[in-house]
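A.B. asks: Could you slot chains B, C, D and E with the ligands onto chain A? The hints should help.
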Amino acid sequence: ACAPDSGASSSQLAPSRTLTVFAASSLTEALVEVKSAFEESHPDVRISLQFAGTPTLRLQIEEGAQADLFLSADESNMSALRNSGLAEGTPAVLVTNGLVVIASKAGPVRALPDLARPGLRLALALSSVPVGHYSRTALAALGQDPSLAPDFERRVLANVVTEEPNVRQVVGKVRLGDIDAAFVYRSDLAATGPDVRAILIPAEYNVVATYLVAVMERAREPELARQLLGFLQGDRAQSIFQRYGFGAFPS
Amino acid sequence: MKPLPLTPWSLLGNAPAILYLLFIGIPFVALFLRAIALGGLGESLSDPLVLRSLLLSLVTSLISMGIVVIGGTPLAYALARSRFLGHRLVDALVELPLVLPPVVAGLAMLMAFGRQSPLGRAMEEVGIVLPFTTAAVVFSQIFVSAPFYIRAARLGFQAVDATYEDLSRTLGRSPWDTFRRISLPLALPSLLGGLALAWARALSEFGATLMFAGNFPGVTQTMPLAILSALESDLSNALALAVILTIVSVALLGAIAFLSARRERIGL
Amino acid sequence: MKPLPLTPWSLLGNAPAILYLLFIGIPFVALFLRAIALGGLGESLSDPLVLRSLLLSLVTSLISMGIVVIGGTPLAYALARSRFLGHRLVDALVELPLVLPPVVAGLAMLMAFGRQSPLGRAMEEVGIVLPFTTAAVVFSQIFVSAPFYIRAARLGFQAVDATYEDLSRTLGRSPWDTFRRISLPLALPSLLGGLALAWARALSEFGATLMFAGNFPGVTQTMPLAILSALESDLSNALALAVILTIVSVALLGAIAFLSARRERIGL
Amino acid sequence: MNQGWIQHRLGNLDLQVRWEAAPSEILVLFGPSGAGKTTILRAIAGLLQPQAGHIEVGGRPVFDSAQRLSLPPERRRVGYVPQSYALFPHLTVRQNVAYGLTGLPQREVEERVASLLTVFGLTGLAERSPRNLSGGEAQRTALARALAPQPQLLLLDEPFAALDAELRRALRRELRTHVAERQAPTILVTHDREEAIALGHSLIVLDRGRQVAEGPPLSLLTRPSTATVARLFGIENVYRLRVLARHPREGTMEAAPESKDLRLVLPLGDAPEGSWLTAGVPATEVLVASQEPQGLSAQNLLPGVTAVIEESPPHIRVTLDCGVPVVALVTPRAVERLGLAVGQRAWAVIKASSFSLLAE
Amino acid sequence: MNQGWIQHRLGNLDLQVRWEAAPSEILVLFGPSGAGKTTILRAIAGLLQPQAGHIEVGGRPVFDSAQRLSLPPERRRVGYVPQSYALFPHLTVRQNVAYGLTGLPQREVEERVASLLTVFGLTGLAERSPRNLSGGEAQRTALARALAPQPQLLLLDEPFAALDAELRRALRRELRTHVAERQAPTILVTHDREEAIALGHSLIVLDRGRQVAEGPPLSLLTRPSTATVARLFGIENVYRLRVLARHPREGTMEAAPESKDLRLVLPLGDAPEGSWLTAGVPATEVLVASQEPQGLSAQNLLPGVTAVIEESPPHIRVTLDCGVPVVALVTPRAVERLGLAVGQRAWAVIKASSFSLLAE
Ligand SMILES: Nc1ncnc2c1ncn2[C@@H]1O[C@H](COP(=O)(O)OP(=O)(O)OP(=O)(O)O)[C@@H](O)[C@H]1O
Ligand SMILES: Nc1ncnc2c1ncn2[C@@H]1O[C@H](COP(=O)(O)OP(=O)(O)OP(=O)(O)O)[C@@H](O)[C@H]1O
Ligand SMILES: [Mg+2]
Ligand SMILES: [Mg+2]
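Read top to bottom, the protein sequences are chains A, B, C, D and E. Numbers 968 to 1218, taken from the working numbering, label the letters of the first sequence in order. Numbers 171 to 438, taken from the working numbering, label the letters of the second sequence in order. Numbers 171 to 438, taken from the working numbering, label the letters of the third sequence in order. Numbers 6 to 365, taken from the working numbering, label the letters of the fourth sequence in order. Numbers 6 to 365, taken from the working numbering, label the letters of the fifth sequence in order.
Looking at chain A on its own, in the form it has when it is part of the complex (with noise of 0.2 Å):
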């Protein structure tokens, strides 16, 4: 299920106290994992996550949306609401991500050059949603991969058919098939299953993409909050973050 509960063990202790997460979508699974650890851990403290693109997150925070701690894909979303106040202190990393290509295994794209062939169909997230914006710049820097065509990225660019604005629904569609490749985070191959093959991009031209998290200013739990903060950059969460993928946070 997309958001479960926290376990039958726990719920004889009525949960006292919530805590409301606002996270980027591409934690979901990871995050969904780590709230079980933390549920267990306060049995009185129940968490509520609302998933959906960091940019969506900031609008709705902007416009009143009661959240405690905010997990961002980005820096950018992170330090906006920094600025207008609705954001506590200074953001803490929380993990790092990378980029790699995923292919649909029935499609003829088995590596990155293959990315250039004519009539392929690929997608992108939007170049204003945290991933878009590095995918376009791995793409970039695999352009002047001189192992790679001259026209590289071009040829690439040439392909994207459709320019996501979730890149979860860029996984969804590779693993339809109707997509034969696209870029994603490194922490969704977590969620391709086996119809999908994963083609690492070499680290020279991979991006490193930072996730921030900070207490909100408008939080109704602030010290709840920080706890949880402290929680997620604890071994025990960064370890459940490192099996889905994610880097660790550099501390």
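Don't read these hints as lab results, they were simulated from the structure. All values derive from a computational prediction rather than experimental measurement. Ideal Cβ positions, reconstructed from N, Cα and C, are used throughout, including at glycine. The reader is advised that the hints may include incorrect statements.
Have a look at the derived ranges for each label pair, beta carbon to beta carbon [claimed, not checked]: (1) T123/D / L429/B: 34 to 40 Å; (2) L189/C / A27/D: 50 to 56 Å; (3) T333/B / G129/E: 54 to 60 Å; (4) A27/D / V243/E: 52 to 58 Å; (5) L76/E / T333/B: 34 to 40 Å; (6) S344/B / A185/E: 54 to 60 Å.
C.D. replies: Frame of chain A; chains B, C, D and E with the ligands shown alone:
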């Protein structure tokens, strides 16, 4: 009386009917086949979260439809019959919500009733907070679905011959009696038709809801939002939920269709 | 004749009218005020990408409506008049697309016409590719909007007294002539009403389109998708686009309303 | 008292009428198609606001343009049977009839409806939808529906037009009884002369919105005072004549149509010699003779030729060409006996006193 | 030739009828409300599929249940004026009339429509919407619309019911001319005896779905052969009598109603002594005397009491109670002269030959 066998029309009517059937039937068949192939239907059905979403969808859409019918029916009747001040204006405004992509509609509601707006702040001061509550789900559903009901009801009332209403009045019945016993039953097929459209729309609503009410399980996560969430992680679960929603909605619409068919049989 | 002044009703009708007006009016006012406050309207209007989206929206919705009207009208008439094989089934199926959240509808279409399906592969072999093309935009719009038109048209045709059609036949007019000169004009208010609903729905469609057609400027990025894309980065731009879409849609709906008002004046 | 007057313009109709109907009286509105009869009923029922007027039902003003008074239809206590019946299509015959019966215990409603259904011969059709009624059945249902709430004033728009002679007679009797018993007056619209005279206690003759005559029906019929009324009432022979000579001692005068070699003897009137007048005689008062009549007291013996013979049950209508056309209504037996045939010579026999002088 | 037969069940109606109408003939369907008249027209027009039957229009079969033939209405070339007019509400009067004129040059259409509008007195209303017509105006529009395409067979359902006497007469003339000129026969539904006889070349009398009589109207009227027809045609006095004595030499027989001290002299028939028969006499053939009549040739002099006096223009209907009720139609003048009043003694005078023996 035995109706004329409209043979040429039945045939001509059949061609688009078959095409349309295929066009909408195939995706549904694909959806169902894939959902079955991927499995997970039984699992989803026993998931308490799914049941909560389903319940939330049913309850909120029921409330929305109640409000739409109670508020929309007199409005539609007024639009059909009387020429009150601003009649033209309201008539044009009724359909306005349809032209906004639901996400933008949700955004507009957020900007109207959210904390950033004077209205939202005033409401907050008296303790009313709309955004990200179950009430916001209802608001979103009403916003996007009411026009369907009101428009259909208005056309239905307009098609009722005013002679019947006149005659009811000469028989000593008040305008209210006349409305209830003449106009309403005569327009009922249109009202039910509009209600079916509006209900279907409300049940499938997610854009405005996501923006204005958010996506919190048990509070604002309706079935469409649950499907959307599942879609981002677990296709088989998403498809299972979509199948469940379809079946439940079809049952509801079937009930409405049954009601209007019964009315037709007794001679409407 | 001077109609009766239905005073109690005008009043009772006014209360929901005013409430509804407020309820849908306030978000629109908020939207417009915010768009103006943030500026960017002029800028967006001169952005060639915006104009391309607008044009794409208009062209695709026009094509969709053409197909919906051409295919849906005889289907609605057949549903209203004849009892052909599978009549009940089609009747129930007509509204089915409404119950799917548009995103799921798009997913279903992708699974039906995409590369993974036998049908999609067969089509691809003869050179027809639907997903991620402008045709897919049209398909998505038809899928989500046709039910509104068909249902309204069906109710409209049902309200036409069959006596008129019978009489037209005795006057030597073929079923087609009868349809064109009697049934169609008599049902026209309902047809136009349904068309307005369907058009508004098609213009605001983005869920199915995003899923089935993708979001590519100039090819599949309609106005709602442009708004959605802008929403992810630049609120002022998104609001400006929403305002533009609203104004254009209102102009279209106004034209339809004007047409039906004219028909009413000449005595329908 | 039920009375009133209205003034209303509608299309090319300029309606001006004043009426008065005592309790237990049937007032007949009589006039040709388009005279404005339906419009008057609609105004009284409250379904149309006349531009000016004053309307009282049962002594109570229900409309007054000067006082800006206009009671809604449901408070006027009138029963209205429109020309098109307007039966509620979603209700059965029984439910239609019961519709106006509010505020009564269920049992009483059922009894009243049952008795009305019996009176109107609708018992077997009680559960029928109005769609499946014949024209006459629909008309009877509409009548029963209007009578059910026992209105203070009954407005009937050609209520018997779709009924056969027998039913018509039975329902006329029913209507008369109803009016007499309930002291509830009725305004009845008809274009049927027989009906007007059979049912009406008083009569208003309308033509193109104007009230051209009023009074008790029989006196209007036998002494029609204008050419319009005469024509409307079927005084088939109307002539424009010039007075040639006055014979005050015999109580007669002689007159002739323009440029026709023909003299008619009329009852003496006021018109001076040389003036023009209009005189009429009903076809029933004209006798036909196949041989030149001898020793008859009748003063007008007009020779002519039989031009048309047509049936007009229970009579035969014979038109003679005597210089002017003369229409006579004779019995079939007489036609047979006289051996009348088209083209034959024949005489029209008219008593001077049979002529009416129509003031013009 | 236009002919056919149909059999059809509808509700409690069991319709069985056979008809035949020669070119330039008007066939009248006559019968009480609910007899099935409208149903027959709808079947001929093709708007209803009878359960069994064979229908020919202009010699061409358009329906045959055995051959499973059923032409659609538009190929039957019939013109139909339904009882409810059914004018197209979205078209003007002119457009309604022009509706059936297809495949003609525009100018001809305009001319034909203009001439029809003139004939039907609709010229001033050409651009009106049917909503704003009076009942009679609507009926005329429906007639003009049906006539416009010059159908091979005209089906008229009470086409003059909403018209005043003058218009009715004028339009009847128009219809006769049309039928004669165009050799196009007409089937006309009416419940109006006068209309049936004035217009019909032949007549079918229907009662509850059954054809109870047929033939030329006048002979049906004067020699009605069954009690039903007699009643329908207004032979007001119908008695069930037992034959007491036969007087073959005088050509008469004596008969009496059950348990009534009353003897009637009838024309001689086949019924043996002691058997029952039904005899009828039209009210027009009954004379009324206020004193015991002396030296009259009439064989039935029935003493009685005046029970009812009512107007029935142009006559007065007097009902005497002579043991059995006897209805007489007399002139107003006679009532005046005889000083007739309710409750007075009076005699009914009936010639033996006036009685019709109604086979039962
Ligand atoms: N809404 C209207 N607009 C214009 N003219 C109208 C309207 N309604 C009625 N009329 C005209 O007013 C006149 C009187 O109409 P009304 O219905 O009162 O006639 P009527 O006496 O009942 O005739 P009929 O016996 O044919 O029913 C008619 O000439 C009709 O055409
Ligand atoms: N659809 C129906 N279902 C059941 N009964 C019907 C239906 N239509 C007509 N009838 C019945 O059939 C009978 C004949 O109807 P029809 O309309 O032919 O009568 P009609 O002779 O035209 O009478 P009228 O002079 O009153 O118009 C009526 O008793 C009517 O109630
Ligand atoms: Mg009228
Ligand atoms: Mg009939």
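A.B. asks: Looking back at the numbered hints, which does the structure fail to meet, lowest number first?
C.D. replies: 3, 4
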